[in-house]
Each structure stands twice: as C-alpha cells, then as structure tokens.
Amino acid sequence: MPPTTPLSVLDLAPVTVGSTAADALRNTRELAQLADRCGYTRYWLAEHHNMTGIASAATAVVIGHVAGATERIRVGAGGIMLPNHAPLVIAEQFGTLESLFPGRIDLGLGRAPGTDQLTARALRRNRMGSDDSFPQDVLELQAYFRPVQPNQAVQAVPGAGLAVPIWLLGSSLYSAELAAHLGLPFAFASHFAPRFLDRAIELYRSRFQPSEALDQPHVAVAANAIAADSDEQAQHLMGSLRLRFAAMARGVRGQLPPPEAFIEQDWSPAELAFADESLACSAVGAPATVRSQLQALIARTGADEMILTAQIFDHGARLKSFALVAEAWGLADAAA
Numbered sequence: 001m002p003p004t005t006p007l008s009v010l011d012l013a014p015v016t017v018g019s020t021a022a023d024a025l026r027n028t029r030e031l032a033q034l035a036d037r038c039g040y041t042r043y044w045l046a047e048h049h050n051m052t053g054i055a056s057a058a059t060a061v062v063i064g065h066v067a068g069a070t071e072r073i074r075v076g077a078g079g080i081m082l083p084n085h086a087p088l089v090i091a092e093q094f095g096t097l098e099s100l101f102p103g104r105i106d107l108g109l110g111r112a113p114g115t116d117q118l119t120a121r122a123l124r125r126n127r128m129g130s131d132d133s134f135p136q137d138v139l140e141l142q143a144y145f146r147p148v149q150p151n152q153a154v155q156a157v158p159g160a161g162l163a164v165p166i167w168l169l170g171s172s173l174y175s176a177e178l179a180a181h182l183g184l185p186f187a188f189a190s191h192f193a194p195r196f197l198d199r200a201i202e203l204y205r206s207r208f209q210p211s212e213a214l215d216q217p218h219v220a221v222a223a224n225a226i227a228a229d230s231d232e233q234a235q236h237l238m239g240s241l242r243l244r245f246a247a248m249a250r251g252v253r254g255q256l257p258p259p260e261a262f263i264e265q266d267w268s269p270a271e272l273a274f275a276d277e278s279l280a281c282s283a284v285g286a287p288a289t290v291r292s293q294l295q296a297l298i299a300r301t302g303a304d305e306m307i308l309t310a311q312i313f314d315h316g317a318r319l320k321s322f323a324l325v326a327e328a329w330g331l332a333d334a335a336a
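Here the working numbering is used: the first residue of the sequence shown is 1, the next is one more, and so on.
Hints are supplied without guarantee of correctness; some may be wrong.
Distance windows between CB atoms, simulated [what the hints assert, rightly or not]:
(1) Gly-254 to Glu-30: 21 to 29 Å
(2) Gly-103 to Ala-273: 40 to 48 Å
(3) Asp-314 to Thr-52: 34 to 42 Å
Derived by calculation from the structure, the hints in this document are not laboratory data. Cβ coordinates follow ideal geometry from the N, Cα and C atoms, glycine included.
Please build the complete structure, drawing on both the sequences and the hints.
Put into structure tokens, the structure is as follows:
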C-alpha cells in the first residue's frame with residue numbers, strides 16, 4: 001500500500017552558479033508542471049531578498065507565473081514575510097491570485113524578514129511596523145478576506161470575501177503558539193532549522209483552539225528530499241546543499257554550487273557540524289531509501305503532510321528526483 005500522507009513542494013527557485021534568475025524561473029515553471037502531473041498537493045514559493053542564489057523575491061508574481069502554467073496543484077507562498085508588507089497589499093495581491101485561479105491559492109505567512117537587517121530596513125523604509133506587530137498584522141489580513149462589513153472604510157479589492165487559506169510558518173515556538181491560538185494550519189521550516197521541530201509540534205497540538213478556518217490541528221513538516229538511482233548518486237547531489245550551508249557558517253551566501261565543488265577537507269569540523277545539523281531533516285538516497293526516511297520522519301512527528309524541497313544543481317536531476325519520490329510514494333498512480 002502506498003503511504004497516505006500528502007506530499008507537497010517548496011521551491012526556493014535556486015539560481016545555480018553560471019546561470020541567471022531568468023533560468024531559475026524557467027526551471028521553477030517546469031518543475032511545477034511536473035509536480036502537477038505527478039500528484040503533489042501544493043507548490044509553494046518562498047520570499048527572500050538580496051540573495052543572489054534565490055529568484056523568488058517577488059513571490060506573488062512567481063506564484064501567478066506557476067499557477068498559470070499548471071492545472072490542478074495548489075500554488076502559494078511558503079511564505080510571505082509579513083513584516084515586510086502592509087497587510088492590505090498582501091490581501092490585494094492574494095485576492096487577485098485567488099480571483100485568477102479560484103480554489104488553488106495558499107497564503108503562508110512568516111515573521112522573519114527573509115533577508116539581512118540592512119535589506120530589511122530598505123524593505124520597511126515607509127512602514128512603522130515590525131515583527132512585534134505580527135499577530136495584529138495577521139488579524140488585519142484575515143479581516144480583509146472576510147465579507148465586507150457595513151461602513152467598512154478600507155476594503156481589499158480583489159480580496160474581500162474570498163477566504164484565501166492562511167497558514168503560519170516558522171522555525172520556533174513563537175509561530176507554533178500563535179498558530180494554535182488563532183486556529184490556523186502550521187508549517188515548520190525543519191528543512192533548514194530543525195532544532196525546535198518536536199517541541200513546536202507538541203506545543204501547537206496541545207494548545208490548538210478550533211476556529212472558523214480549522215477545527216483540528218494540521219501540521220506540515222518541511223524536509224529536504226533528494227532521490228537518484230542509487231544512494232551514492234543522491235549523496236553526491238546533496239553536496240551542493242552541504243556546501244551552501246557550510247559557507248553560511250562563514251557568513252558567505254551565493255549561488256547554488258555544483259556538488260563536486262564540495263571538498264570536505266576545506267571546512268572546519270564546526271562548519272560541517274553546522275551544515276549537517278541544519279540539514280538533519282533530509283531524506284537522501286535511492287527512491288526506497290527516501291521513502292523509508294520520510295516515513296520515519298512522519299512517524300516521529302505525526303505530520304499531516306510533508307513539504308519537500310530539493311536544491312539540486314543540475315535541473316534535470318532535480319526534475320528526476322521529484323519524479324522518483326512521487327513514484328516511490330505512489331503519487332503518480334494516484335494522479336493517473
């Protein structure tokens with residue numbers, strides 16, 4: 001029997017060494033079309049700024065690009081960094097997306113800036129808010145999606161009455177507790193920050209309060225998933241991600257490097273430990289290996305769904321990885 005837990009995709013629109021953002025966005029479109037055909041549930045894109053290796057800064061624009069190229073799959077933000085924006089702007093953007101692609105749009109919200117502090121200040125130069133106002137901003141955004149009330153002075157057009165599904169995203173206990181309090185679905189960013197995964201899920205489930213949006217807790221767990229024909233080939237592909245995170249330990253960010261550029265001896269034990277701890281929620285190997293590792297993570301967390309990301313240098317290998325995972329999970333058969 002195939003596993004029953006839904007699988008979704010988180011795409012960071014990686015810009016690889018020697019390529020451009022335009023290449024990355026074309027690759028995103030092609031991967032989304034494959035995910036649509038293979039039976040993945042959602043296709044989410046993440047907001048990051050001033051990062052030469054990520055092309056999804058204008059997240060709502062890319063979501064429209066992906067939704068227009070697909071037919072069935074839900075498309076959304078994983079996530080929009082709400083402190084960077086006025087809630088009304090996000091309501092209008094996602095109200096527009098929902099109007100264009102009804103029943104297919106998700107809005108995941110985070111409270112981090114998705115960038116460095118200097119860039120965060122540039123993004124917020126005309127705003128008085130900060131991440132301290134995040135709960136109030138979420139409530140304001142929710143209100144814009146409800147039906148217009150008598151004498152309501154400010155409306156989201158489009159947006160009002162469209163009830164776009166809102167998720168809270170996070171890598172800490174804060175977002176878990178807020179999602180529980182507001183009765184919203186919760187997605188944990190364990191693909192790069194797994195430290196508080198188990199505690200956050202336990203807190204979310206134990207404190208969950210039913211709402212008009214959700215009557216019981218719903219948790220999505222993010223993980224890196226890299227599949228290839230053999231365990232050895234997949235571990236080789238993983239070298240790009242290990243190199244990226246080892247470099248982050250030195251404060252260096254850039255485009256996604258080829259896996260053969262990773263030479264373990266070039267990095268200190270502390271840098272390698274940072275990379276491996278950050279990437280602890282990863283399933284890497286042949287399809288059966290990835291399936292087994294994902295099942296173990298689901299058994300550990302009780303995840304209601306998994307959101308998989310794969311930063312692989314070679315686009316063909318990335319497409320193949322998601323296809324292999326779908327086949328191993330039984331998604332392709334289900335979609336057919």
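How the hints compare with the structure:
Look at Gly-254 against Glu-30: about 23 Å separates their beta carbons, and that is inside 21 to 29 Å. Roughly 44 Å separates the CB atoms of Gly-103 and Ala-273, a value that falls within the hinted 40 to 48 Å. Judged by the Cβ atoms, the range 34 to 42 Å given for Asp-314 and Thr-52 is violated: they are separated by roughly 19 Å.
This entry does not satisfy hint 3, going by the numbered hints stated previously; all others are met.
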